[in-house]
Structure formats: structure tokens, C-alpha cells
Amino acid sequence: MSEVLRIENLKAYYIQILAGKKIYVKAVDNVNLTVRSNEIVGIIGESGCGKSTLARAILADFSPPLQYISGSVILRAKNGKELELHKLSRDMLRRYVWGVEMALVPQFAMNALTPTLRIRRIIMDIMKSHFENVEEEKVVERASKIFQSIGLPGDVVDRYPFELSGGMRQRVVLGLVAMLGPSIMIADEPTSALDVSTQKIVLKTILDLKKQGYVGSIIFITHEIGAARQIATRFNVMYAGKIVEEAPTEEFIEKPYHPYSSLLIRSIPDVAEVLYYGGSRMKKEFTSVAGAPPNLAEPPTGCRFHPRCPYAMNVCRREEPPMIHIESNRFVACWLYVKK
Amino acid sequence: MGDVLLEVKNLTKVYETGLIRKMHTVAVNNVSFDIMKKEILALVGESGSGKSTIAKIILRLIPPTSGTIKFGGKDIWRDIRNSKELIEYWRNVQPVFQDPYSTFNPSYKVDRILYQALKLIGVDPNDAHGRRMVVESLRHVGLNPEEILGKYPHQLSGGQRQRILIARCFIIKPRLVVADEPVSMIDASLRGDIMKLFYNLRETYNTSVLFITHDMNLAYAISDRILVMYKGEIVDGGSPEEVVRNPKHKYTKMLIDSIPSIYRKWSDIE
Amino acid sequence: MKYMMSMTIKKVKIPESLQLLLRAPRFLIGFVIILAIALFGLIGPIFYPKDPLSTAGRPLMPPSSEYPLGTDALGRDVLAALMIGTRTSLYVGFLTAAIATLIGVIAAALSVAFGGIVDDIITAIISFLLSVPSTLLALIIAFYAPVKSYEVIALVLGGTGWAGFARGLRARLLSLREEDFINMSRVAGYSTIRIVLEDMLPAVAAYIVIFFAGHIDNGMVGEATLSLLGLQPSKGYSLGIMFSQSNTYGGIRRGAWWWFVPPGLIIMLVAISMLLISTAIDEIFNPRLRKA
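So the sequence lines, in the order shown, correspond to chains A, B and C.
For the first sequence, my numbering assigns the number 1 to the initial residue and increments by one for each residue that follows.
For the second sequence, my numbering assigns the number 1001 to the initial residue and increments by one for each residue that follows.
For the third sequence, my numbering assigns the number 2001 to the initial residue and increments by one for each residue that follows.
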């Protein structure tokens, strides 16, 4: 498997001016991430961790107040060339990258379908904005085929968005992405506003897009670990603008290393755990992570999690832990695992 | 009937829209159930199941189309004739709503919601007793009064606001709390402490809780009994163990199978 | 346990926002302008005690040291006339705005509080008023009014100009009604009226004030329009009458700008000052325009 995307030491801050002073909101602070071809990478984080900003940063969508500070975003294009996205102009990004090599499905995308246009019109608008010489008949036919292959009824192209349920609209959005055929699809909270039964269908559709070759790799950003683990092969846990742990899905669930990861998993009640594992891991007791997520404009010194960490040591308060390699393919940024 | 707190019988709610061609939506269809004293009863359903409508009817916010709800032997819609009796009902039944952003009027400080609670039970917010109750209720829910009082809603986090709503219940000490998705807009890592507060209310004041949610995991973890709703009807029910291990209705089965579990991958996902 | 407890339920965010407002440059400039105009009309004559009705001067004289704004076609002192006219027009403007605001608030509140048939009737009235040009309507009613006085004019103008405001207010109140905090007040035992006054009003207060401020000018222009078309009251003197007479007596034809330009200037300045005040209020009270 080869690398399609490599993000190194990426820093992107929001710049705000409050009462005459410049404030930096460190939403993406020294993030390293790699995505290989045909991989589904999960990025897990809760509110205020910077994950939606990370989605934009991956696309190199830096516009005020979000500013690129340092680091690199390197994409291997479909033609094999390596593109340094952080160096490209917005115009170049629009023409050669966005919607072509990488596509973003933002949170609540299903609500962004213009309600007064039929689906076929929306398809045409999107295709025309990315390609030249677009023939309606061919495009709509191809769209119909794709929609059907992901389980939507054949006449969906002639419907209006308001006639479709939330789950169907989300799948239409995924179908549109499929038509663009990007090598990387970024899905930001694709299932969070949906009923549990619809969630399953949408997750299957996302997996389908990859299986049928419409998209190459997928970056799945969410706060719902249960949803992500169904299709992601690797997990990255994001906290306060940083990636604090990276591991393959099964190993991560079996044994999360970072205190935040393990506390997070422990605080989520899970019925399946009771049904299939006898409830050994889940007592009928509620646990939380103490405190609240930090203000990204004034993050804590040292390890950003230390104010809430039950294992915090002196070094945690002073110095930021490095990201270290544990076992063959796991990484964690925590002083507990740094050998003296 | 010594142990029944609230009795819902044949409750139906039909919405009519349109001026000339009327469309009928049946939100709640002939629903009957009891809430026992000191019980945490979970009402599980997805969107459109009618669970929030039932909550609002029990809270006396929207009227039913037919059916009865009895509290303390009285039909809450037919036997309550004046505002005094209505206020008496609300002293016994209070809500915790889902959205910590819209439950507070942004024009006022958050203190107001606590003062409303005091006045409901006939305590003057300005005297020492009232002030002490406010402080104690905030401490009870794990909040520091100095960080909360005097602040506007936008200055506090969602979790803090949700706890204030529960602090309200510690002031009023109702016999029944109707909690409609009380933690669904709170991060998972912060929910545990808030969920424990419902146990707290039950143990300290014998309060029953009608816990309404779409999340079967939460319902399983907190409730004594679960009722499953689908399209306005109750389709399944029983103890959490029964409902989860031996679902009787196929909707319940589908619901449980569709839960994305952390510990287990769906067998039919690949 | 030493800490500050807030007061009773009724304390609203107003004091702090008011302080911010009073310091905003736009508000101050606008306020100064309208204050100056009001003072000009109210106590101006004390400093310039010429009789506006005396026809002692020579007709249509341009501004001079004796007559700073010249004379009109009847030989009257224009500056003195302008002061009286300003006072009357401001009065009509405020009265119109007050009447329109009052009717609009009551209509919207009743619509939202009662719903059903009441709402249907009020919405129908609003739609009707909005589909008919209000000036035309005012004209027709003023024409047939048995009594012609400035109060009647204000009533007519106010009574026809509230519809758009009421519709906007109704929409805002309706969306407020769906908010959970309304339900929270209900289960605390609040009556419907109390909810409208305590929960909904603060959220729309700025909208109401802005409408009122903007409508003052509508009242003044409306009065000017009616006067220009000959529907002025039999007694009294206003900026509108100055326009009307400068038209009838050939002042415009003969280019006596000192007669008809100043009244227009006054009306325009009132409009500008209200605009400045409105935008200042909007910025302070509209949470979206403010930083949290």
C-alpha cells in the first residue's frame, strides 16, 4: 500500500483580534497524519478538539481567519505527481484538487442540497463546475447507475431533495462524491444527525463507495467511536488540536493506550458489550472524563490533557510529550510510555 | 394501585395540517403505560416515533387528541380547572430538555431559571432560605455557584447548562422528571456525571424519571424498565435485560442490531 | 459565602448594553442631530423671536442679515417659519411612529398569543394593507376624514403604516415561541401574557425600537406628501405646508431655494439621525453582530 496523503507537523491557527490583541486559536497544532491508498482512516474527537478544522487543513483550505502556520500537506495525485497543497494558490486548489483529487462531505451536507432543484440539476451543476463538455444525458445516466449501485431507487434523479429522507439525502451526497471519483474522500460527521437504522445504511454506503472503486481512500471524522470502528481500519484520536494516539482499529479497542482514549471508551455504555462479552468491560456504572475540553486559545502547558488526567505526573505539566512508536504500528503521545 | 405514579391510557395525538385539504399525522397512536413510583422508565424510539410528543403531553404543554393521563387520581387534562391546580401539577412534574442552547432565554442571566423554580414552590429568591437552596442545588449537581451565578447562557458550556436544568429539579423536587434526550447534545465523555444525577434524584427524593432517548445503550444503562416506540405505538417493553437479550418485536431486534457498537463489528457490514 | 447574587426575575440585560450604546459613536452622532433639530424647533423661537406669520417683509427675498433664510412669497420670515414647521412635523412624525408601533405590537402579540382564527384575521388585514399602496390609502382616508388636524393625519398615517412591521414582528415572535425557554417558563407557571412580556419582548425590543425610530421619518414625509396634495389641516403650520405653499405660490418656479430646500434638509437630517441610531442599536442588541 502506498501513501496517498502525508501531513507533517501541520499547524493551522485561527487568528482573532479581541480588544486590539491578536489571539491564536491553536485548532490544528503539529499534526502528523498519513493516509495510504484504499485505507479508511478514522479521526476521533469530541467538541472543541479541532477536527473540523483539520478537515479544512487537509484540503489546504486556508482562508481568514484560518491561517496556515507551518508544516506540509503532500498529496500524490492520480497521475502520480506529488502536490504540495500548502503551497498552492486557492485557484489551483479549486481547479486541480478540490472535487478532483479530494472531496469533502461536510457535516450536515444532506441539508445543503438546494431544495428547489431536482437532483439531476444539482448533479449537472456540480459536474459543470469541475469538468468541461458535460452532456446531460450521459451524466445523468451515469449518476443513475451509481445511485442504484449504492441502493437508491432509480428515479431519485428526478426527485426534489425535500421528497427524500435524511438518510437518502446523505446517500445522494455520497453518490455525488462517487461521480467525482476522488482519490480521497473526507467525511465529517456523516452519520451524527441520523437515526441508528439509517446510520447503518449510510456507513454501508460509505464502505461501498470504496469497494466499488468510486473513491480511493476515506478519512472519517467523527465523535462516535462505535460508528467509526465499523468501517475504519485505523484510528487517530484527536484532543485539543493534537493527535494523541494512532493505532489499528481492533488493537485500539482492545487496549487503548492514551488515558483520554481509555477514559473515553469506558464512559460510553454499550449494549453489545453486555450481550457478547458478558458485560465484563462495562459495569452498569456511569463514568466521565473530569473537567472540560481546554480553550484552544490558551491551552494548558505541557500535555494538554494533564488537567483532566488521573495519571498526570510533574513532567506532564511541564513538557509536551513526544509522539512515540509503540509496537509495530501504534503511536501514542503520553509520558506514561516514554522510557527514561 | 399504590405504586403507580402516572397512568397513561389510550393516549392519542393527531396533528392536522392544511386549510382546505387536511392532512392527518398520527403522532401518538393509542398508547398506554404506567410510570411507577421511584422508577426510571426509558422510552426508546427514533425520530418520528412520538416519544417527544408524549413528553410534551405529560408535561401539559400540548393537549392530547384523546385518552387520559392520571396523576394522583386526577386526569391532568380534564380535572385541572384553574391555574392553581395547574401550578400544583407542575410542582410535581418537571422537564429536562435536550437542547442546552434553547432552554435558556439569552436575554437573561442563568439565575433566572433557578429563581423561577423557587417561586414555583413558593420560596422567595431574595431571602436567605431561597438563596441557600439555589447554592445547594448547584453544588448538588457538581457546579461551583461562584462560576455560575450572574452569568449569561452564552458564557457557560452546554454541560454546565444541562446541569443547571437538573439543579432546578433539585430545588423543585418533583415526583416525576420528564427528561427528553437530556444528554444527546453533550459529548460522550461528559455524560456519565449527568446521568448519575438522575440516580441521585431518585435516591434522594424518590423522584421517578421518564428517560426519553433514541440511544438504546443509555436506556439499558440507566433504566429499570424500557418501552420501545415505533411510529406512535409502543411495540415492545420489559426490563433492560429482557428487551436487549430477547427482543420480542422485529423493530426492537432491528434497533438493537443496528446499534454501532464499539466492541463489535456488524456481521453484515462487509 | 460572599458573592453577589443577582436580583429578581425581571432584571434584563439592558443596563450593560445601554452603556455600550451610549458610548457608540454612531448613536451619539445620531442623537446629537435629532436633539439639535428638536431644540431648534422647540426653543429656537426664544433665540429668534420673529413672528412667522407677519407678512412685513418683501416677498421672495434671498437670505440676508435681516432674514437669515429670506422670505417667502407672502413676505414671511422663512427661518421663523422653519422653526414652527419643524416642531409640528416632528410632533406628527413621533405621533405617527407611536401609533404605528403600538398597533403593530398589539396585532403581532395577539396573533401569536391566540393563534387560530385571530391569527388568520390579523394576517389577512396585514396582507391587505401590504398589497395596497399605503400612501394612496392614507390619501383616500384623509380626503374623507371629517376633521382635519395633525392628530388625524398622524392617526391616518400610523394606521396604514404598521403592516410590514407587524408581519416581521409576528414572524420573530413565532420563532421565539418554539424555543424551549418558552416551555421552561410555562412549566414554571407563567401565564401567556407574562411569557410574552418577559420572555419574548426583550428579544424583540431592539426590533421594535428600530422600527419606531425609522418610522418617525415616514410620518414626516407622509405629512409632507399629504400637505403637498392639498390635504393639510386647516390650522397650523408644518414643513409639509412649506413645501405645499412654495409650490402653490410659485416659489419653486422662481427658484426661491431658501424656501423649500431647508424643510427638505430637516427631514433628511431626521432620517439620517434615525438611521445612525438604528444601526447602533442593532449592532448592540443583535447577538449575531456582536462578538459573544
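To be clear, the hints were calculated from the coordinates, so they are not data collected in a lab.
Predicted model, so just to flag it, every value in this text is computed and none were measured.
Note that the Cβ used here is the ideal one computed from N, Cα and C, for glycine as well.
Heads up, some of the hints might be wrong.
[Said to hold, decoys possible] With a straight-line Cα cutoff of 30 Å, these simulated BS3-like cross-link-like pairs (lysine-lysine) come out:
| hint | chain 1 | residue 1 | chain 2 | residue 2 |
| --- | --- | --- | --- | --- |
| 1 | A | Lys255 | A | Lys87 |
| 2 | B | Lys1119 | A | Lys204 |
| 3 | B | Lys1056 | A | Lys211 |
| 4 | B | Lys1084 | B | Lys1119 |
| 5 | C | Lys2050 | C | Lys2235 |
| 6 | B | Lys1074 | B | Lys1022 |
| 7 | A | Lys11 | A | Lys339 |
| 8 | B | Lys1253 | A | Lys204 |
| 9 | A | Lys211 | B | Lys1231 |
| 10 | B | Lys1038 | B | Lys1022 |
| 11 | B | Lys1022 | B | Lys1037 |
| 12 | B | Lys1248 | B | Lys1231 |
| 13 | A | Lys204 | B | Lys1250 |
| 14 | B | Lys1009 | B | Lys1070 |
| 15 | A | Lys22 | B | Lys1151 |
| 16 | B | Lys1056 | B | Lys1265 |
| 17 | A | Lys210 | B | Lys1265 |
| 18 | B | Lys1084 | A | Lys204 |
| 19 | A | Lys128 | A | Lys145 |
| 20 | B | Lys1253 | A | Lys210 |
| 21 | A | Lys21 | B | Lys1151 |
| 22 | B | Lys1231 | A | Lys255 |
| 23 | A | Lys204 | B | Lys1056 |
| 24 | A | Lys255 | B | Lys1196 |
| 25 | A | Lys204 | A | Lys255 |
[As the list claims (entries may be wrong)] Short, incomplete list of chain C residues facing chain B, as computed with Cβ under 7 Å:
| hint | residue |
| --- | --- |
| 26 | Gly2075 |
| 27 | Glu2151 |
| 28 | Asp2180 |
| 29 | Phe2181 |
| 30 | Asn2183 |
| 31 | Met2184 |
| 32 | Val2187 |
| 33 | Ala2188 |
| 34 | Asp2199 |
| 35 | Ala2203 |
| 36 | Ala2206 |
[Claimed, not checked] Stretch by stretch, here's where chain C covers chain B in the computed footprint (C-beta under 8 Å, at least three residues):
| hint | segment |
| --- | --- |
| 37 | 1101 to 1113 |
| 38 | 1117 to 1124 |
| 39 | 1191 to 1200 |
Checked hints:
no.: 1; hint: A/Lys255 x A/Lys87; in the structure: violated, 39 Å
no.: 2; hint: B/Lys1119 x A/Lys204; in the structure: violated, 52 Å
no.: 3; hint: B/Lys1056 x A/Lys211; in the structure: violated, 45 Å
no.: 4; hint: B/Lys1084 x B/Lys1119; in the structure: holds, 13 Å
no.: 5; hint: C/Lys2050 x C/Lys2235; in the structure: holds, 20 Å
no.: 6; hint: B/Lys1074 x B/Lys1022; in the structure: violated, 34 Å
no.: 7; hint: A/Lys11 x A/Lys339; in the structure: holds, 27 Å
no.: 8; hint: B/Lys1253 x A/Lys204; in the structure: holds, 19 Å
no.: 9; hint: A/Lys211 x B/Lys1231; in the structure: violated, 34 Å
no.: 10; hint: B/Lys1038 x B/Lys1022; in the structure: violated, 43 Å
no.: 11; hint: B/Lys1022 x B/Lys1037; in the structure: violated, 41 Å
no.: 12; hint: B/Lys1248 x B/Lys1231; in the structure: holds, 17 Å
no.: 13; hint: A/Lys204 x B/Lys1250; in the structure: holds, 21 Å
no.: 14; hint: B/Lys1009 x B/Lys1070; in the structure: holds, 8 Å
no.: 15; hint: A/Lys22 x B/Lys1151; in the structure: holds, 25 Å
no.: 16; hint: B/Lys1056 x B/Lys1265; in the structure: violated, 37 Å
no.: 17; hint: A/Lys210 x B/Lys1265; in the structure: holds, 18 Å
no.: 18; hint: B/Lys1084 x A/Lys204; in the structure: violated, 55 Å
no.: 19; hint: A/Lys128 x A/Lys145; in the structure: holds, 19 Å
no.: 20; hint: B/Lys1253 x A/Lys210; in the structure: holds, 29 Å
no.: 21; hint: A/Lys21 x B/Lys1151; in the structure: holds, 24 Å
no.: 22; hint: B/Lys1231 x A/Lys255; in the structure: violated, 40 Å
no.: 23; hint: A/Lys204 x B/Lys1056; in the structure: violated, 35 Å
no.: 24; hint: A/Lys255 x B/Lys1196; in the structure: holds, 26 Å
no.: 25; hint: A/Lys204 x A/Lys255; in the structure: holds, 26 Å
no.: 26; hint: Gly2075; in the structure: violated, 57 Å
no.: 27; hint: Glu2151; in the structure: violated, 35 Å
no.: 28; hint: Asp2180; in the structure: holds, 4 Å
no.: 29; hint: Phe2181; in the structure: holds, 4 Å
no.: 30; hint: Asn2183; in the structure: holds, 6 Å
no.: 31; hint: Met2184; in the structure: holds, 6 Å
no.: 32; hint: Val2187; in the structure: holds, 5 Å
no.: 33; hint: Ala2188; in the structure: holds, 4 Å
no.: 34; hint: Asp2199; in the structure: holds, 5 Å
no.: 35; hint: Ala2203; in the structure: holds, 6 Å
no.: 36; hint: Ala2206; in the structure: violated, 10 Å
no.: 37; hint: 1101 to 1113; in the structure: holds (count 11)
no.: 38; hint: 1117 to 1124; in the structure: holds (count 3)
no.: 39; hint: 1191 to 1200; in the structure: violated (count 0)
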